[in-house]
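Chemist: In this text, residue positions in the sequence shown follow our numbering: the first is 1, and each later residue adds one.
Hints were generated in silico from the structure; no laboratory data involved.
Be careful, since some hints might not be right.
[To be verified] Here are the simulated DSSO-like cross-link-like pairs (lysine-lysine), alpha carbons at most 27 Å apart as the crow flies:
#1 K30 with K19
#2 K32 with K55
#3 K55 with K19
#4 K32 with K19
#5 K55 with K27
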Amino acid sequence: GFYYDAFYGDLGLNDEHFKDIASAADKAVKGKQPFERIEVTREQALELFSDNQFKVSEAAQFVSHQ
C-alpha cells in the first residue's frame with residue numbers, strides 16, 4: 001500500500017475517518033489516475049510546496065543537483 005503522513009492539528013482520527021480515507025483511495029485507484037515522476041531543483045521544490053510547511057522543511061534539506 002501507499003502511506004502518507006498527515007497533520008490534522010487537534011482533530012483526532014477515528015475508524016469512520018479511516019473508512020472515508022479508504023473509500024477515497026479506492027476511488028482514485030479505480031480512476032487509474034496517472035502518476036509522473038519529475039525532478040526539480042531545491043528552489044523549485046520550495047516554490048512547488050510553499051503551502052505545505054512540512055514539505056518545505058523536507059525540501060529545504062536537499063541539495064540542488066543542477
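Chemist: Does each hint hold? Answer for all of them.
Modeler: Results for each hint:
1. K30 with K19: Holds - the C-alpha atoms of K19 and K30 are around 16 Å apart, at most 27 Å.
2. K32 with K55: Status holds; Cα separation ~25 Å.
3. K55 with K19: Within the cut-off at roughly 26 Å; holds.
4. K32 with K19: Cα-Cα ~20 Å, so holds.
5. K55 with K27: Answer holds: K55 to K27 is near 25 Å, not above 27 Å.
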